[in-house]
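Novice: Model the placement of chain B with the ligand on the given structure of chain A, informed by the hints.
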Amino acid sequence: MTDILAITDHRRGELRDVSYEIITAGRELANETGGDLHLAAISGAVDDFAENLNREGVDAIHTVSHGEEFNHDVYTQAVTQLYDDLAPQYVLIPNSVNGLDYAPAVANQLDLPIVTDTIGLETDGDTLIATREMYGGKVETTNELEGESVVTIRSAEWPVAEGTGDAAIEAADVEIDESAIGSTVTGFEEVAGGDVDISEAEVLVSVGRGIEEEDNIPIIEELAEALDATVSSSRPIVDNGWLPKNRQVGQSGKVVTPDVYIAIGISGAVQHVAGMKGSDTIVAINTDPNAPIMDIADYAIHDDLFDVVPALTEEFGG
Amino acid sequence: MKILVTVKEVATVEDEFEIKDTEIADQYLGADLNEWDDYAVEEAVQLQEAGIADEVVTVTIGPEDSEQTIRQALAKGADRAVRIWDDSLEDVDLLDVNAKTEILSAVVDAEDPDLVLTGVQAGDDSFGATGVSLAEEIGAQWGAVVNHLEHDLDDVASVRRELEGGVEELTDIELPAVLTIQTGINEPRYASLRGIRQAQRKELDVQSLGDLGLDESATESQLTLTDMYEPESESDVTVWDGSADETAGELGELLRDKGVAP
Ligand SMILES: Cc1cc2nc3c(=O)[nH]c(=O)nc-3n(C[C@H](O)[C@H](O)[C@H](O)COP(=O)(O)OP(=O)(O)OC[C@H]3O[C@@H](n4cnc5c(N)ncnc54)[C@H](O)[C@@H]3O)c2cc1C
Chain A
107 MTDILAITDH RRGELRDVSY EIITAGRELA NETGGDLHLA AISGAVDDFA ENLNREGVDA
167 IHTVSHGEEF NHDVYTQAVT QLYDDLAPQY VLIPNSVNGL DYAPAVANQL DLPIVTDTIG
227 LETDGDTLIA TREMYGGKVE TTNELEGESV VTIRSAEWPV AEGTGDAAIE AADVEIDESA
287 IGSTVTGFEE VAGGDVDISE AEVLVSVGRG IEEEDNIPII EELAEALDAT VSSSRPIVDN
347 GWLPKNRQVG QSGKVVTPDV YIAIGISGAV QHVAGMKGSD TIVAINTDPN APIMDIADYA
407 IHDDLFDVVP ALTEEFGG
Chain B
721 MKILVTVKEV ATVEDEFEIK DTEIADQYLG ADLNEWDDYA VEEAVQLQEA GIADEVVTVT
781 IGPEDSEQTI RQALAKGADR AVRIWDDSLE DVDLLDVNAK TEILSAVVDA EDPDLVLTGV
841 QAGDDSFGAT GVSLAEEIGA QWGAVVNHLE HDLDDVASVR RELEGGVEEL TDIELPAVLT
901 IQTGINEPRY ASLRGIRQAQ RKELDVQSLG DLGLDESATE SQLTLTDMYE PESESDVTVW
961 DGSADETAGE LGELLRDKGV AP
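Taken in sequence, the protein lines are chains A and B. To convert a position in the first sequence, counted from 1, into the numbering used here, add 106. To convert a position in the second sequence, counted from 1, into the numbering used here, add 720.
Isolated chain A (complex conformation):
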């Protein structure tokens, strides 16, 4: 058992980037095990998906045509049946919101260990060495798993697969038991609309939990005004209702690409970084010199924001 089975992710008719990244991760593992890389495309326009997924290094693509959008019961059934059929060593699944809605069920049903949100993978064919973070990115760990396992991979950690492959594309011999489907997706909704579009801003003054209290938000707004910049934030600020949802930067918020992103009292959790790492210049103001935001910052001030922010506002005549 040395093959790899990688499951792809799509939403509203489009494959998500991680689907091409998981090909790269899967191919690397398959090279180490000497096995084949199988992909699965489940629900939606699977034939079109298969065509797009047929990139270099893919040996086979299994399509499961059932419903339009993600449903975790369909995915769980499809993946466990594919596993029984193909007997792969590793099942790779995106560590997306949907991935986390079925990967643990697949692992439990197959009685396999699961390791989630991996950022590095290596195997000698028997033992998998998975690298992942703990404590919000403050440390990295290596973890060993023997034998077969289910692994979810973090997005944007592996490059997207390129080139054209010559994979065998076939409809999988999978039967979905409708009576076992216990949840129904009834719709989708875009949130975070509104007057301000932070994704258009050239300079973002972005505030995180370091601000401590709602009453302190005005010092950030005063700075933004003095700089003629826009205020954005990390998630806890929005969760607390201190700023509206349309200001949230990150995985579940907006992706922003300003010329300058000033992260004030923001630790730089992966879900936040997902939304702002494309900024041209990143400046971090944080008392913690080891905060993960420092890994992607270009400039940093390791100091108290309550001292630095007013000084900067004053500098610009605020």
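Read the hints as simulated data drawn from the structure, not as lab findings. Model, not experiment: these values are computed from the prediction. One or more of the hints may lead you astray.
What the hints assert, rightly or not - Within a straight-line C-alpha distance of at most 25 angstroms, the following computed PhoX-like cross-link-like pairs (lysine-lysine) qualify:
1) 978(B) <-> 383(A)
2) 360(A) <-> 978(B)
3) 360(A) <-> 383(A)
4) 351(A) <-> 383(A)
5) 978(B) <-> 722(B)
Stated by the list, open to error - Computed far set for chain B versus chain A, every beta-carbon distance over 10 angstroms:
6) 862
7) 874
8) 944
9) 970
In this text, a Cβ means the ideal position worked out from N, Cα and C, and glycines have one as well.
Specialist: Just chain B with the ligand, lined up with the frame of chain A:
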């Protein structure tokens, strides 16, 4: 309706810390109620206040030290707590998803709740997988990353699942179910003084693996933590030192150089 809420005491890490073998050295660690579980507790208590839940029970896998954190959840309104501990758990480096699933499913068997709420993830090991794994184990339905729950629960939970990029999925889930709760679903309350006093008198039942009909094998992780280290910084960050006026001056200059500030 009875609601079971998983409550974890997570380790918090100081700004400066040292690693000893595969752990952060004790003196740099603090403890807190897992952020995501706090929202799960609040949601359960709100369901009780709305007359939908009759009882809210918390379950924690943790040593005696975690009782302070458990009392926090009781002070916020949970009715009683179950804590699972055992000598065999004492030396476990990392309890993996399968082990947690096995232990928690034994608690579900004993308590027979209609709804289980867990946090989306734990702030320390952040597997983000236990809730869904548990659901599969106990044969319940589930929903991951739930940021809204309609409170007219009957046989079905109508939820919103928060996807990436500001999109939410609306889903109906048959009960019994396990929902993993995302921050933002509500505003967790602070425990009142009265709540804190009352919490002292609430039942906190300690059970061993044996009490749950499990043996030591339940704690065996299939995943072994082999190394822990501080990640290598990928960027060569320029650090500005000095007083706040000086560092603000440096930043001001950068913004002027880039032509993005007046
Ligand atoms: C499924 C999922 C989706 C998510 N989506 C998002 C998302 O879209 N966007 C997002 O931001 N998060 C998201 N999160 C949450 C994310 O994991 C973090 O919890 C969040 O980003 C932390 O926000 P923060 O950095 O403001 O707070 P913290 O992590 O608490 O960091 C606060 C920082 O402020 C610093 N600080 C404290 N006091 C001061 C001071 N006086 N001066 C200077 N610095 C100070 C501290 O050193 C610390 O680094 C998501 C999580 C999950 C599970």
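Novice: It remains to establish, for every hint, whether it holds in the given structure.
Specialist: Results for each hint:
no.: 1; hint: 978(B) <-> 383(A); in the structure: holds, 18 angstroms
no.: 2; hint: 360(A) <-> 978(B); in the structure: holds, 24 angstroms
no.: 3; hint: 360(A) <-> 383(A); in the structure: holds, 12 angstroms
no.: 4; hint: 351(A) <-> 383(A); in the structure: holds, 20 angstroms
no.: 5; hint: 978(B) <-> 722(B); in the structure: violated, 59 angstroms
no.: 6; hint: 862; in the structure: violated, 7 angstroms
no.: 7; hint: 874; in the structure: holds, 15 angstroms
no.: 8; hint: 944; in the structure: violated, 5 angstroms
no.: 9; hint: 970; in the structure: violated, 8 angstroms
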